[in-house]
Amino acid sequence: MKALTANRLSDGEVVFWKDGAWVERLSEAQIFSDEAGAGEAEASARTQRTVVIDPYLIDLVDSAGFWAPVSYRERIRALGPTNHELHGKQAEGGGAVEALRQAHGAARSSGRVNLIRRK
Amino acid sequence: MYRYDAIDRAVLADRTAEFRDQVRRRLAGELTEDQFKPLRLMNGLYLQLHAYMLRVAVPYGSLSPLQMRALADIARRFDRGYGHFTTRTNIQFNWVKLADAPDILDALAAVDLHAIQTSGNCIRNVTADPYAGAAADELEDPRVWCEAIRQWSSLHPEFSFLPRKFKIAVTASPHDRTAAKVHDIGLLLRRGRDGETGFEVIVGGGMGRTPYVGPTIRAYLPSDRLFSYLEAVLRVYNRHGRRDNIYKARIKILVAALGAEAFAREVEAEWEKIGPEGDLPRAEIDRIGAAFTNPDFVADPASGDFEARRAAEPAFARFVRNNLKAHVRPGYGIVDISLKGIGETPGDISADQMDLVADLAERFGQGDIRSTHEQNLVLPHVRLEHVHEVWKALDAAGLATPNINLISDIIACPGLDYCALANARAICVAQDIARRFEAPERAEAIGEFKIKISGCINACGHHHVGHIGILGVDKKGEEFYQLTLGGSGAEDAAVGKMLGPALPIDRVTDAVEAIVDAYLRERREGERFLDTLRRTGDAPFKEAVYAEAH
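As given, the protein sequences belong to chains A and B, one line each in that order. Here my numbering is used: the first residue of the first sequence is 1, the next is one more, and so on. Here my numbering is used: the first residue of the second sequence is 1, the next is one more, and so on.
Hints are computed from structural coordinates only; laboratory data are not their basis. Source: prediction; values computed, not measured. Note that the Cβ used here is the ideal one computed from N, Cα and C, for glycine as well. Watch out, some of these pointers could steer you wrong.
[Claimed, not checked] Derived CB-CB ranges, DEER-like: (1) B/T210 to A/D62: 54 to 60 Å; (2) B/D359 to A/V23: 40 to 46 Å; (3) B/I246 to A/D59: 25 to 31 Å; (4) A/D62 to B/R20: 44 to 50 Å.
[Stated by the list, open to error] Some, not all, of what chain A presents toward chain B, calculated at C-beta under 7 Å: (5) M1; (6) R8; (7) D11; (8) G12.
Bound conformation, chain A alone (with noise of 0.2 Å):
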């Protein structure tokens, strides 16, 4: 499963693609389950120029019910930074950032989850 990131021109937030326009959370986000879908919506968003900067797709996998990037460094994108929590969308909380701070992804050291969580 994939979906399409960018960062909004504006102000930088990360932004996902959701049916021609951009919403700030990956909870909200269109999620492609094929590669011809996920493609033709990324050419459509480069096109987007005075909206977005460089639109790119981004791997999932679920956890506990919610999409989670693949990603490490796109699951920080989708929560904020980890020194700060009432930073980025991750101060929002609830049960989607949950879901992101718990994903794994390609993570396989013991004690990442506790690090992100800790701060």
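Start from chain A and add chain B according to the hints.
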């Protein structure tokens, strides 16, 4: 401190107006991102993971209270109430909106600050000794030269598009607090046989993916010939530096490829051609020197109840031991302000803390504030009788952690929490280590211990010159960390050697503790960690880390 003149202010006003128009055109779609990106970078505006980041130049790490308050105001109005001091003595704001950037530049210009040349392949902010003008071991105040270099290098037409970025450090003390030997050019002020001052010129140091301790290419350069010589070095680099490969474009690669002697010959030949016409007239150096306001020192001031309080209050005594340094004038001290509170983000400072530092500098510190490449602040001129009051105020604001040069005084780059280039986080690793060594008695017993952490090979966290260096790497999508031992950014500069295989994030602090324990077992009377390591080699430490890691 140097003050801008009318021309400086006009240049800044024009530059900000130009950038305001560029932002407008970008938002209106008249400029593409490819066209706009180099323009915003030339004004210090980066796009990071979560938002735009504005990097503000703090010239040679000197700030006035007025400037610090302006930074606090910017943090409140345009960011999230804080800023982050960097390893280039600059300050970054992490949550900037594009449309606000020109207003921020205006606010900076109002107090003689800007963000020019904080990015791009140009001469960046000069690093100076943060104790300049105050250090007891200083030959003369190096900031006059730093300011002259700032003026010479700002918007320099020949050197604005170098093969790669270029960093210069200047120090006038035998104890190097600037990491001069790992700069593109390190200038060490020396006294010549004739009694005049000059510079030992080191060229081609650096960190990044190919670290080098720079070689000395001229043992003594008369100070009045500095600018023609700098021009010769930069011109040789501009001519021969590689532009085909970004990873081989720094001057260190050129110096290593040619060899220091051959590079020096090229420079000398170019210098000969330039001649003294390329130098600043002495009158200009004197004019710049006169623009620095001399602190209003009192001759032999009373130290009040400083000694009595030090004897009576152990916490104050600990602060004095670690955060107060010898001043050139009797009755004064240099106060280090730690931005490394235990569990805090190294280098971060809130707007309220900025205001407090400004107040203290004004009331007790001759209006002088410095930022250090180790991500701390300094009040360089505090009368000893005022140190207790300064300490109390800092302590109440969480700024009096007595850990300067100790194990929790860790350099960490923003890492993967913010930086688009990073492979792994650095901040949380620093926080975890600092918590492990939180007990001040233990930290003092360990002694001088410099841990430096980078989230990628670009080495903004100076890991190559950490006594323990920690480098974050991406191993199949996971954060792993390579440890190096034996680096130093001081006068005994050295690049650390890799200890062994990279460790997962949850083993890093244990590994650091194992190294520390091995050091405490092995050390002899009076040895720093580096001394013990140099005597024993890395075998005891390798065994400690990897025996415990399995």
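Can you give the numbers of the hints that this structure goes against, from lowest to highest? Those not satisfied are hints 1, 5, 6.
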